[in-house]
Structures are given as C-alpha cells and as structure tokens.
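Student: I would like the entire structure built from these sequences, with the hints used as guidance.
Listed here are the chains, written in short residue letters.
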Amino acid sequence: MSKNKIYLDYASTTPVDKRVLKAMLPYFSEKFGNTMSLHSWGQEAKEALEESRDVVAHLIGAKAEEIIFTSSATESNNLTLKGIAFAAKKGHIIISQIEHPCVLEAALWLEKRGFEITRLAPDKYGLIDPQEVKKAIKEETILVSIIHANNEIGTIEPIEEIGKICKEKGVYFHTDASQNFGKMKIDINKMNIDLLTASSHKMYGPKGAALLFVRSGTKIEPILHGGGHEFGLRSSTINLPAIIGFAEASRICKKEMKKEAKKLVVLRDKLIKSVLSEIPGAHLNGHPKLRLPNNANFWFEFIEGESLVIQLDLCSIAASTGSACSSATLEPSHVLSAIGLKPQEAHGSLRLSLGRWTKEKEIGYVLRVLPKIVEKLRKISPFKIK
Amino acid sequence: MKKVGPYTKKVIEYFKKPHNYGRMKDADGVGKVGNIVCGDVMWLYIKVGKDKRGREIIKDIRFETFGCVAAIATSSVITDLAKGETLTDAMKIDRTKIVKSLGGLPPIKLHCSVLAASALTEAIYDYLSKQERQIPKELEAKHRQIEKEKKKTEKRYKEWTKTEEEIHKKEI
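Chains A and B are the protein sequences, given in the same order. Just so it is clear: in the first sequence, position 46 is 46 by our numbering, and no numbers are missing. Position in the second sequence (first residue = 1) + 1000 = our numbering.
A few of these clues could be false.
[As the list claims (entries may be wrong)] Derived DMTMM-like pairs: lysine to aspartate or glutamate, alpha-carbon spacing no greater than 20 Å straight-line: (1) B:K1150 x A:E331; (2) A:K384 x B:D1026; (3) B:K1155 x A:E331; (4) B:K1010 x A:D313.
[Unchecked claim] Computed footprint of chain B on chain A, listed as stretches where at least three residues anywhere in the stretch have a Cβ under 8 Å from a Cβ of chain B: (5) 302–315; (6) 333–347; (7) 378–385.
[What the hints assert, rightly or not] Per the computed footprint, the stretches of chain B lying under chain A, defined by three or more beta-carbons under 8 Å from a beta-carbon of chain A, are: (8) 1034–1041; (9) 1077–1090.
If you're looking for bench data, these hints aren't it; they were derived computationally from the structure. Virtual Cβ for every residue (Gly too), placed ideally from N, Cα, C.
Tutor: Written out as structure tokens, the structure reads:
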C-alpha cells in the first residue's frame, strides 16, 4: 500500500497479500487449463483446485467435498437461501434484521414468491437472542440464516448456541462468515453449522472467489445450471487463479490469525477508548467486547457521516459511514436502524476497520486528525454541542 | 486536485474551505430549511444595506449547515453568489445557477442545490416580513411551496421515527 495513506476500510475489502499474489501468478498463463479437460493441462488445474478445496475446508473443520467455490459471498448467500427454498418447495425461513443486503434481498424475493420470512430484531448491541430463534422456529421452518459477525458494527453473534437450537429442532443453519472467516477460529461441527459463506477478498485474497460450505446430505438445488461443476451445485468454468489465491490466503490466515487478532484488539481498543474520551458527543456502535478484532464503529452527535468520510479522505484516511447521504437510496443503514439509532444518529456514523498492515502510528495520526475534523464540521453546523 | 468521492474539484474546494460560515447575531433576515432526520439543515443569515443608487442589497450573508459535502458546498457557494447583489437579483438565484457554479453535482445530490436556493428565498422573505413590507407575488408563491414541502417532510419523518421507536421498544 502506498505510503502516507492510511487504509482503515478493511471490512470493505482488503489488498491482496503479496504472498497470495505470488501463488496465483502461475495460474494465469502457465497453468491455465480447464479443470474439466482430460489432458494434462486440465488435470494439473484439477489437482490444484482440489488441493485448494482441502486447504479452505481444513480451516473450518469441513470435508473437502463439502466446499463449493463460488464467485462472491453474495452468490453463496443467494445459493443458500434460494437453493434450500427451491429444494423444499415451500416453507418458512428465519433471518435477522442485520444481515448483509444480499441475504435481505434474496429473502424478500422468496417472500414475494410465497415463502414466509421472519426477520429477528437484535438488541441494542446488535446481538440476536438464541431464545428468539428457538421461539421463531416452527414446523414449516426450513432454514435459519444468521450473520456470524456483522459487517457494519462488528458484533459477533452467539452462533454456537443458535446452531445447537437448530440441530435440536432439525432445521438447517446457515451463517454468513464473510467478515470473520480466517480471522477467528470457526468449527462447523462444534458450532452445528450446516452451511457457511466465506469470501476471499475480505481476508487478503483476490476478489472473485468465495465459498459455500454445504454439510453432506443437505437438500439444496443449484441456481446456476450447466456443466455440473462443483458437485453439480455451481456450474461455471472454475476461476482457478482466484481460488488458488483464496486458498493461499486461508493458509496464511490459519498460521497468523491468532497473533494478528491479538495485535488488532490492542489497536482497536486504543482507538475506541481515545475516540470516546477525546471527542465530545461520541458513542460506540456494537458490542464493547463481543466484536470483531478489527472493527470500530461510532456515531457522533450533530455530524453527518459523508462529510466526515470525505474530510478524512482529504487527510488520506479511508473510512466508511452508514449515513443516508452516502447511500444510493438516501436511506440510513438498516443495521444502525435495527439497533435503535434514530435516522439523525445514524447520519453521524463512522466505521474504521483495521487490518494486517495497520500500524500503531497510523492510529495515532487518526486520533490527532479526527477530533479536529469533528470540531470543524460542528463549527459550520447550526447545532452546537453543549 | 483529483476527484474526491463523486464530487467535482469546485465542490471539494468549497467544502474544504467554506466561505462566510458562522452565526450572524444581528441578522435582518434568517432562512431556516431542511430537517435533521433527512440529514441536511441549512440556516442562512442576511444583513441588508443599500447601494449607491439606493437599492437594497445583501450587504452580508452567512450560513450554518449540518449535512453532507454537497449541502456544505451549496451553502457556501450561494453566499458568494448572493453577496452584494440587490434583493431583486438575489431572488433570481436558482438551483441551476448554484449547480453551474459548482461545476455540477451528482444527480442524487441535486436536492441540496434546491435547499440552498430555498434558504435564500426564506431569508429574504423573513426580512421583508419583519419590515412589514409587501411580499412580491413570486416570492410569496415560492415561500408557500417551501412551507408545504417542509410540512410534508415533517409528517413523513414523524411517522417514521415513531414507528422505529415503537419497534425498538417492543423488541428489546
């Protein structure tokens, strides 16, 4: 990454680790075969694909044949909801109000086609109560899908407890682990997860590769029909360079995740503590402890988030906001609304997400710049803080 | 300077160093538009004086704005456009002129230019009302339209905020 620029938007996407890029390069022009071909070019590609499958499966305790490679977390989540729904033909699906838009929209689409959807509300920290899941499950329920760690506010959901309930009730349990795969230990057996989504570009791999873990025996229909790739669940020529990158990124994460999380938690907590104590009218969004090691999310009284993000950008700091003014629909973030923020509060939200290359001095710079920007914007505003 | 976000160089210049901001304590007229729930609030203050020919002009103008980049930039640019103008000419400053002065705005942000024009309309209206002067027909019509929009927004968001609060209370 270029010098003097501070990237604090790792939750949005991450740069490709140089070690990952190096592993990918031979698969563009040298080892370019189609995994479906019989000749040695094809077989070489097929072997590399299966080895990659082994690596990512190993990271969550799955069997290789339970991993379906896809192009994005959006695709994996669509495959889950639509694939399970189509296999069951009718029924009831439980999700939360704070899922990624791809889950919310896929559920809405199914609702319009006769499926029943329950959208569970989180508490003020963004936590879903497992007992609420239990209460919502009924005879017709075919799937429960709850995000593992929230992409905006970083809250980590009680996945193990929810998994246990789903197992007892005999309902498929899916979790979107896009934000925490490779960053926290996930054990699909211990957590009773039947389907899991993960994405390469959130963990220092390239864009264009993701996976869906599907437990053996799960009744699911494909949404892409064709040559029968990925055990018939996802036809499409295999994007091998991206998958090789995904696997290499997983290998690195497995080795470094513990140390990395430890470092990030220290930096995150320093950032949160200082922002809350040094900036008047600053509040933390999400849970104080049950949160991703790299996520800090605030809202500032009488501040509009888009102005804040652009001011930070002018100071070479990348951040993001859930403000309505920055969205294409001019509506505030559904996650911040679900945890009880009023629209005017959600306007003032700021997400700073740390990553592999975040340095302590960068956090120090942000802590020098941010209070001044907030002060400047409040100076322009008709609303003054006491 | 390269493009920042979806904005032109001019928008960013105005946003970075806004002109004429801050409260005016002895304003002759104040225009308050926008709604904090929507995310944009503009307050425009004017001080009215006379030019050599005895015509009323905007002698000084200041703004206070809470909002996005476009809201701050349009507030800033309208103070530049209106300062020194006769009231008659200032009333003619519309969104097209504002957008042009900024070298364009992203389509989704065009409403900010409407907001700035409305703030000026309201400030002039406020001044003439306080002076108990006759309000020109066109200004009266514009003012009524703004009031109507304001009420509509307030109603819309009142319902929205209320339901949100209810949902939240119920579910926690």
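Student: Work down the list of hints and note, for each, if the structure agrees.
Tutor: Each hint, compared with the structure:
1. B:K1150 x A:E331: Since the Cα atoms of K1150 (chain B) and E331 (chain A) sit roughly 18 Å apart, the hinted pair holds (cutoff 20 Å).
2. A:K384 x B:D1026: 19 Å, holds
3. B:K1155 x A:E331: 17 Å, holds
4. B:K1010 x A:D313: 16 Å, holds
5. 302–315: Our answer is that it holds, as 8 residues pass the Cβ test (under 8 Å) against chain B, meeting three.
6. 333–347: holds (count 6)
7. 378–385: Coverage by chain B holds for the stretch 378–385 of chain A (5 residues, Cβ < 8 Å).
8. 1034–1041: holds (count 6)
9. 1077–1090: violated (count 0)
Hint 9 from the list above is the single one not met by this structure.
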